[in-house]
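All letters in the sequence shown, in the order written, are residues 1 to 428 by our numbering.
Don't take every hint at face value.
Label pairs and their computed distance ranges (CB to CB) [stated by the list, open to error]:
#1 Asn-304 with Arg-410: 18 to 26 Å
#2 Gly-374 with Ile-341: 21 to 29 Å
#3 Tyr-392 with Asn-335: 18 to 26 Å
#4 Phe-70 with Lys-29: 22 to 30 Å
#5 Ser-139 with Phe-70: 24 to 32 Å
#6 Lys-29 with Pro-50: 20 to 28 Å
#7 Arg-149 with Arg-185: 49 to 57 Å
#8 Asp-258 with Gly-126: 50 to 58 Å
#9 Leu-41 with Arg-212: 45 to 53 Å
Hints listed in this document are in silico derivations from the structure and should not be mistaken for laboratory results. Predicted model, so just to flag it, every value in this text is computed and none were measured. Just so it is clear, CB atoms sit at the ideal spot from N, CA and C, and this is done for glycine as well.
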Amino acid sequence: MNSPATPLAERLRPHTLDDYIGQEHLAGKESVLRQTIEKGLCPSMILWGPPGVGKTTLANIIANALKRPFYTLSAINSGVKDIREVIDKAKGDPFFGTNHPILFIDEIHRFSKSQQDSLLNAVEKGIVTLIGATTENPSFEVIPALLSRCQVYVLEHLSREKLEQILKLAVEKDEYLKSKHIEFRETEALIRISGGDARKLLNALELVVLSRSGSGPVIITNAVVTKIIQSKMALYDKSGELHYDIISAFIKSIRGSDPNAAVYWMARMLEGGEDPLFIARRMIILASEDIGNANPTALVIAMNTVQAVNVIGMPEGRIVLSQCATYLACSSKSNAAYMAIETAAEKVKANSNLPVPLHLRNAPTRLMQELGYGKEYQYAHIGEGNFMEQEYLPEELSGNVFYQPGSNARELEFRKFLRERWKNKYGY
1 MNSPATPLAE RLRPHTLDDY IGQEHLAGKE SVLRQTIEKG LCPSMILWGP PGVGKTTLAN
61 IIANALKRPF YTLSAINSGV KDIREVIDKA KGDPFFGTNH PILFIDEIHR FSKSQQDSLL
121 NAVEKGIVTL IGATTENPSF EVIPALLSRC QVYVLEHLSR EKLEQILKLA VEKDEYLKSK
181 HIEFRETEAL IRISGGDARK LLNALELVVL SRSGSGPVII TNAVVTKIIQ SKMALYDKSG
241 ELHYDIISAF IKSIRGSDPN AAVYWMARML EGGEDPLFIA RRMIILASED IGNANPTALV
301 IAMNTVQAVN VIGMPEGRIV LSQCATYLAC SSKSNAAYMA IETAAEKVKA NSNLPVPLHL
361 RNAPTRLMQE LGYGKEYQYA HIGEGNFMEQ EYLPEELSGN VFYQPGSNAR ELEFRKFLRE
421 RWKNKYGY
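Using the sequences and the hints given, assemble the complete structure.
Structure (structure tokens):
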């Protein structure tokens, strides 16, 4: 049998929730989303998860299950004009008013604010039910107005068990693979290469099978897979097989003050076709999480890097990215600001309803003033050094320390400043 033109991942794409592998918290029989779909309902939603875990497939299954018209756009090559054309078509669809059409937008995080704004009215009025797919945190990449109109469902990396289940299904169900009499003796290399991505797993399997000559059975071993994939994987997977591992190595290199490793991993990402703005945004997070008040200028430079790369584009944008990465790597490090909010958040979870002290409350009305709101508040600027000692935490949390300045030069100055004002209260 000749090799089929359709990729294996597409040939094996499931069409029902019963055939869908993984994401039991969404597609399992007891899941809220599945029960909602089985009732004939579907909210607008954002499917957030890494590549190859079933976002597009799930959107197609939902549309099939509900028998709704299904329109699809890719944020990579669609603009406001394309969105409006789909919405106009949806308005004229004969199903309109009974079964609202579904508009699926792949990589919705790549849409600009104006493009996302153009969806708002249609989503709010129910002209279309939006299903957006994204690999990026929607809290940062989807405008609040649109996000508030959507449910966010998180899809996870597929487990080893699920990936092996997919391999087994492939050789049992696909007519071409069945004709090759495939025998799995080892699967570790295929699983490792996939990185939890089912599409990448099936692409790798198909590549190995196509590379084997002769009429005998195809024996899959780690050595065979590694040899074939190392020489040919880049031909069909430009984005790189270790996307999440490489960004992790990049961040950890900067955190570890190694500019050489940082620019190496950055070059790997850029040569693999990574979105340069994705790299720049990750450096903004690092500038606060790992440098913070040890060098506040780091955040300014990281923010300016995003703007510069957005304005000048590639390939020149790589120079700005390199400047930022090496600057961050060579900066003093402190995670004190990050640890402060983490510690405070834990305390809030344990004590979420503590009242605001009366002297700190706002008192815009006479009744509030009569109740003592703001009565004993001391305005800091009338004190020596613009400081008046008073309690700012709820009584139950008095003396709790959330921010511990680091040992770098700048935060040692912070510690001295706090010690002089708060004496022994916080132990600075």
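How the hints compare with the structure:
no.	hint	in the structure
1	Asn-304 with Arg-410: 18 to 26 Å	holds, 20 Å
2	Gly-374 with Ile-341: 21 to 29 Å	holds, 27 Å
3	Tyr-392 with Asn-335: 18 to 26 Å	holds, 24 Å
4	Phe-70 with Lys-29: 22 to 30 Å	holds, 24 Å
5	Ser-139 with Phe-70: 24 to 32 Å	holds, 27 Å
6	Lys-29 with Pro-50: 20 to 28 Å	holds, 24 Å
7	Arg-149 with Arg-185: 49 to 57 Å	holds, 51 Å
8	Asp-258 with Gly-126: 50 to 58 Å	holds, 52 Å
9	Leu-41 with Arg-212: 45 to 53 Å	holds, 48 Å
In summary, this structure violates none of the numbered hints.
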